[in-house]
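Protein chains in written order, with this note's numbering: chain A, 1 to 566; chain B, 567 to 726.
A couple of the hints might just be wrong.
Interface residues of chain B toward chain A, partial, derived using beta-carbon atoms under 10 Å [what the hints assert, rightly or not]:
| # | residue |
| --- | --- |
| 1 | PRO579 |
| 2 | ARG584 |
| 3 | LEU588 |
In case anyone wonders, no lab produced these hints; they're calculated from the structure. For every residue, glycine included, the Cβ atom is placed at its ideal position computed from N, Cα and C.
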Amino acid sequence: MSKITGSQAIIKCLQEEGVDTIFGFPGGAVIDLYDELLDSDIKHVLVRHEQGAVHAADGYARASGKVGVALLTSGPGATNGVTAIATAYMDSIPVVVFTGQVPRALIGNDAFQEVDIVGITRPCTKHNYLVSDPNELVATIREAFYLASSGRPGPVLIDLPKDVVASMMSFPDKKPIKMKTYQPTVDPHPGQVEKACKACLKAKRPMLYIGGGVILSNANKELTELAEKLSIPVTMTLMGLGGFPGTNPLSLGMLGMHGSYASNMAVAKSDLLIAVGARFDDRVTGRLDAFAPHAEIIHIDIDPTSISKNVDVDIPIVADCKHALRAMNSWFDDAKQFDGKAIKEKHKPWLEQVAQWNEKHPLTYHEEGDIIKPQYVIEVLNKLTGGDAIITTEVGQNQMWAAQFYKFNEPRRLLTSGGLGTMGYGLPAAIGAKLAFPDKTVIDVAGDGSIQMNIQELATARQYNAPVKVAILNNGYLGMVRQWQELFYNKRYSATVMEVTPDFVELAKAYGAVGLRATTKDEVEPVIKEALATDNLVIMDFAVSREEGVFPMVPAGKATTEMLLV
Amino acid sequence: MKHTLSVLLQNKPGALSRVTGLFSGRGFNIESLCVAETLDSKVSCMTLVTRGDDAIVEQITKQLHKLIDVIKVTDITEGEFVEREMVLIRVKAEANTRAEVLRIIDIFRGKVVDVSPTTYTVEITGQETKIKAVIDILRPIGIKEIIRTGTIATARAPKN
Ligand SMILES: Cc1ncc(C[n+]2csc(CCOP(=O)(O)OP(=O)(O)O)c2C)c(N)n1
Ligand SMILES: [Mg+2]
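Taking the hints into account, I'd like the entire structure generated from these sequences.
Here you go:
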């Protein structure tokens, strides 16, 4: 067999995996690979900071469902990527990150730009590798893609010593990957499915509580079928938004700390909670002993460690969400005792109760004359994009308002850092999503604080023709922290006032983008219309009411029924 | 409750730190940990002693299993098992106590593995309770150093 260089082998592996775009930033340790990239048809997107590369790969992955790929140099290049790797890890996003490493002979010598990135990222990757034998390079890359995208997905890092990449090696044919130590359970246990379905037939006040797993496994159709077949109301975690249509009458929107009143009340009063691809995060459950206290709990998840981790589960189903939901649907289709009409009739009082909660305390906010309410900006974005844009968010109040007021009807439309809550995620993720779907409108709902954490990526957006729209809800504060200080620290605003902020309109111009500003309510619509009409990169700066709060709010450690309301 | 877990894992660089990192990162406790190659040189066996209620031990077992380098996790405390630990004890052995130390060691079927004018270093193997008993008895004589291996354990083979 003829031999090729490590660089050539890596490119061939990427092609084999169908990778057409990668995000990266060069340096000495990866210069060979960059040289080889020039001759390949893979598009390389040069970001302006390595955190941006991994977030962009992550946004690309979340929007498309494909594996996102990033390439970083050794040392500071690799460490700059860590926050974004941890972000992908917390949200189970399939990403493969290649990092350069010093030559094998120098490893452990504190060589120039040497860092133990495998050690550093061990707890925030699904798995990682240091390739120490050139003959294992190809197999390692194939395994990495397999691991990243199968089971519960996640980021995988491959550390590439420079001399390994420069070595000559053969390129064996690809065979199906079988790992004796890794065999995710995809198909549900039929006995458990039957138990779960029977519990559904018995329940009087059932609730579906769905998370990011539904989106990761592309199970939204199966989920909608189940919810409608049995008339079960659906509440979603931040990561689950879009897993069930936000405008469906059975949708109660988000639950948890900033969830809707109806969602939190319904979970608390339910007698059956069907958790699908969700992990009972503390932002969802609030005080644990008061979470769904009357409910029998079914939990579908591909990761056994998620089951009974925080909350005891009565009927666990370890499986891919799509497979498990499909099995439940067909059980009902086949079951003699199942009578769809009768079930709907039985659930009527429950649905009426839920509707009453919704009427009593809908998601809302107070108008204040001319002042721009941040929630209003999201409502107008929703209206003018027909609810069909890809929305990325930064972190903070902006993120929660986007989650509450944009109605996500499709999966993979909301890209947001849920688990880690990484400020600076939204802009690079938007660029990744836009490169995956050049014809879609992509909007980063931003805060004035977060946007400054990766604002340098505006240049990347320009260079690669990724005309995303950034909508800054500019409150002049690190608003979410300020809200906590207002409510729980006697309004002592320690380090949350942004005393100096750039002029975002001028800043847009400096990057060759369009800068637009709205300072009164009636300017909001025209600004958004103009932003959506241009083909260019746009920053919209909305001067919003400064001390607006996100409500409902469950104070940390309280029961989810103890909500502070508007 | 004390649990002894037997973990088979790939004999690869970093595999051990994945396990220890899991315990420190998630706040699980490790009482002792012993690891070495098995018959198959590509596979290591680790005996890990931990403490926790059933829910915690279940979570530990699942989390270990989730590590890509881990092949198999068995909670051997769930069935019949044998466990052993070895300890090296350097104990004062002066003219007036030498004979007594030897007698004690003999009772516990230990061996003297090193001698100095004022000390014996003795080797004892057994279950944790036995090790504890030896230490308790030798302590009044004057123990200078104790080195323990930590427990290794295996499930008993089926008898039919
Ligand atoms: C990298 C990072 N640092 C700190 C935080 C803590 N934090 C959470 S929200 C927030 C305020 C964000 O301010 P801004 O982007 O202006 O959003 P707003 O809440 O005002 O909408 C901060 C500092 C974080 N989530 N991420
Ligand atoms: Mg702000």
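Evaluated hints:
1. PRO579: holds, 7 Å
2. ARG584: holds, 6 Å
3. LEU588: holds, 8 Å
In this structure, every one of the numbered hints holds.
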